[in-house]
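First to last, the sequence lines map onto chains V and F. For the first sequence, the tail end lands on 121 under this note's numbering, and the numbers increase by one without skipping. For the second sequence, the tail end lands on 178 under this note's numbering, and the numbers increase by one without skipping.
Derived by calculation from the structure, the hints in this document are not laboratory data. Hints are supplied without guarantee of correctness; some may be wrong.
Unchecked claim - Subject to a maximum C-alpha distance of 25 Å in a straight line, what follows is the list of computed BS3-like cross-link-like pairs (lysine-lysine):
no. : chain 1 : residue 1 : chain 2 : residue 2
1   : V       : Lys65     : F       : Lys122
2   : V       : Lys23     : V       : Lys76
3   : F       : Lys166    : F       : Lys66
4   : V       : Lys79     : V       : Lys66
5   : V       : Lys13     : V       : Lys76
6   : V       : Lys66     : V       : Lys13
7   : F       : Lys166    : F       : Lys122
8   : V       : Lys50     : V       : Lys13
9   : F       : Lys166    : V       : Lys79
10  : V       : Lys23     : V       : Lys79
11  : V       : Lys65     : V       : Lys79
12  : V       : Lys66     : F       : Lys166
13  : V       : Lys23     : V       : Lys65
14  : V       : Lys50     : V       : Lys23
15  : V       : Lys13     : F       : Lys78
16  : V       : Lys65     : V       : Lys76
17  : F       : Lys166    : V       : Lys13
18  : F       : Lys166    : V       : Lys76
19  : V       : Lys13     : F       : Lys66
20  : V       : Lys76     : V       : Lys66
21  : V       : Lys50     : F       : Lys78
22  : V       : Lys79     : V       : Lys13
23  : V       : Lys50     : F       : Lys66
What the hints assert, rightly or not - Which bits of chain V does chain F cover? Going by a derived footprint, with three or more residues having C-beta under 8 Å, they are:
no. : stretch
24  : 53 to 59
25  : 75 to 82
26  : 112 to 118
Beta carbons are placed, not taken as given, at the ideal position from N, Cα and C, and that holds for glycine.
Spelled out, the chains give:
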Amino acid sequence: QQQVKQSPQSLIVQKGGISIINCAYENTAFDYFPWYQQFPGKGPALLIAIRPDVSEKKEGRFTISFNKSAKQFSLHIMDSQPGDSATYFCAASGGSTLGRLYFGRGTQLTVWP
Amino acid sequence: KAGVTQTPRYLIKTRGQQVTLSCSPISGHRSVSWYQQTPGQGLQFLFEYFSETQRNKGNFPGRFSGRQFSNSRSEMNVSTLELGDSALYLCASSQQGGNEKLFFGSGTQLSVL
């Protein structure tokens, strides 16, 4: 079954707006939650990651919010730019699955100028 | 430092054939993982190697196999190709494996006719 569920599948945001992508997981043993960004023709690249001992992590315009009790985490992109247009994947790993990432299905983000 | 290099970039095969894909990790990285990416199933974990040993294996049939050499370079092999094996095959490397940053290559696009 899908270990990590991601929504929405696609997202259109105006330049300067906030993009929000949500993910939910089932396995309580997961303790590492990265977000990857993928451009066409390229492999995914790590954007930002969080561990469950903090509820929020910010790096520049990108913020992860983490809710351990709800088993949910989300990516917020502030001041979205056309260059942010890409596919975003959330992922999770941990416990006996160490070294193996379970990915969400991805969100195709389009930022209009 | 050179990134993760995957060869070939594109490959066309016919059903029943076998194929070998190659991955050169970032220098100093000892862990290599392989993922299959398709529009329908997203990113699915195939296997992970560390110091020439397979540490993790995903839910793929035995037709999918891999190995890692003493210089950390890795190969994956798919025998008796099926139409459904058409996908982008991504290799990722990291220093130790586990919950740390994965660096992905650009992938090998395999088309099975």
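Do the hints match the structure? See the list:
no.	hint	in the structure
1	Lys65(V) - Lys122(F)	31 Å, violated
2	Lys23(V) - Lys76(V)	31 Å, violated
3	Lys166(F) - Lys66(F)	16 Å, holds
4	Lys79(V) - Lys66(V)	19 Å, holds
5	Lys13(V) - Lys76(V)	15 Å, holds
6	Lys66(V) - Lys13(V)	22 Å, holds
7	Lys166(F) - Lys122(F)	19 Å, holds
8	Lys50(V) - Lys13(V)	23 Å, holds
9	Lys166(F) - Lys79(V)	22 Å, holds
10	Lys23(V) - Lys79(V)	30 Å, violated
11	Lys65(V) - Lys79(V)	16 Å, holds
12	Lys66(V) - Lys166(F)	17 Å, holds
13	Lys23(V) - Lys65(V)	23 Å, holds
14	Lys50(V) - Lys23(V)	23 Å, holds
15	Lys13(V) - Lys78(F)	33 Å, violated
16	Lys65(V) - Lys76(V)	14 Å, holds
17	Lys166(F) - Lys13(V)	21 Å, holds
18	Lys166(F) - Lys76(V)	22 Å, holds
19	Lys13(V) - Lys66(F)	35 Å, violated
20	Lys76(V) - Lys66(V)	17 Å, holds
21	Lys50(V) - Lys78(F)	22 Å, holds
22	Lys79(V) - Lys13(V)	11 Å, holds
23	Lys50(V) - Lys66(F)	18 Å, holds
24	53 to 59	holds (count 4)
25	75 to 82	violated (count 0)
26	112 to 118	holds (count 3)
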